[in-house]
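2 protein chains.
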Amino acid sequence: MTAFNNRVSEVVEAALTGGEGPYLRERFAEGEENLGKAIKTFAKITVKPGTRMGYHQHVGDFEFYYILSGEGKYNDNGTVVPCKPGDVFKCGDGEWHCIINDGDEDIEFVALIVATI
Amino acid sequence: MTAFNNRVSEVVEAALTGGEGPYLRERFAEGEENLGKAIKTFAKITVKPGTRMGYHQHVGDFEFYYILSGEGKYNDNGTVVPCKPGDVFKCGDGEWHCIINDGDEDIEFVALIVATI
Numbered sequence: 001m002t003a004f005n006n007r008v009s010e011v012v013e014a015a016l017t018g019g020e021g022p023y024l025r026e027r028f029a030e031g032e033e034n035l036g037k038a039i040k041t042f043a044k045i046t047v048k049p050g051t052r053m054g055y056h057q058h059v060g061d062f063e064f065y066y067i068l069s070g071e072g073k074y075n076d077n078g079t080v081v082p083c084k085p086g087d088v089f090k091c092g093d094g095e096w097h098c099i100i101n102d103g104d105e106d107i108e109f110v111a112l113i114v115a116t117i
Numbered sequence: 001m002t003a004f005n006n007r008v009s010e011v012v013e014a015a016l017t018g019g020e021g022p023y024l025r026e027r028f029a030e031g032e033e034n035l036g037k038a039i040k041t042f043a044k045i046t047v048k049p050g051t052r053m054g055y056h057q058h059v060g061d062f063e064f065y066y067i068l069s070g071e072g073k074y075n076d077n078g079t080v081v082p083c084k085p086g087d088v089f090k091c092g093d094g095e096w097h098c099i100i101n102d103g104d105e106d107i108e109f110v111a112l113i114v115a116t117i
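Chains as they are written, first to last, in the working numbering: chain A, 1 to 117; chain B, 1 to 117.
Isolated chain A (complex conformation) (with noise of 0.2 Å):
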């Protein structure tokens, strides 16, 4: 058993994927040790009011988004479409995504990353 508890927080800049704002990732574990060789990321990020992630696509593994609050959009693939709490999001391998806080709350999500196998 590990309990992660101490998670360290990093503020990612949003400009550097091309996007507009800053955001919060909190991974839940790193390293191979932890997560196993197929999760690259496992972690919570928020996304407060007026940020854009940046548009970005997957090679070589896939993304789940699992909205925890807020509200938004999701652009999938250049199709923009709303996202709320309880929403699942796959961004397949090849597949391009990322989400935009244009609500008045943060946007919370989980994020899972895998490796494709």
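Honestly, I wouldn't trust all of these hints.
Identical copies carry no separate label here, and so any pair may be met within one copy or between two of them.
Under the rule of at most 30 Å between Cα atoms (straight-line distance), these lysine-lysine pairs were calculated in the DSS-like manner [what the hints assert, rightly or not]:
#, residue 1, residue 2
1, Lys84, Lys48
2, Lys84, Lys40
3, Lys40, Lys73
Hints are computed from structural coordinates only; laboratory data are not their basis. This structure is a prediction, so every number in the text was calculated from the model and none was measured.
Given the coordinates of chain A, work out where chain B should sit on it, guided by the hints.
For chain B alone, coordinates are given in the frame of chain A:
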């Protein structure tokens, strides 16, 4: 892209694995075509007050719990510790665990089971 917003929820009788009471399991996606080869389960679990999940061993896989809401106990290989929102626990391959809801509100958590590869 795939949006999984019409997910099947199932009520699981904890008694089947030596526990007590029912809990709700809402799988975010199912099948290797959606989850890949490594992910066995990615789900939200809701454990009602008074419910004790069966204390069980993981063999051939490992599991993360990410606590979303509620407070109770986490049995870590026989050692019982408190759990609260934000906590992350890992049950490694070969280890044992369960959740006990001895509080007065639902415990909700994200469960991620990953094959050991």
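(request) Would you pick out the hints that fail for this structure and give their numbers low to high? (result) none
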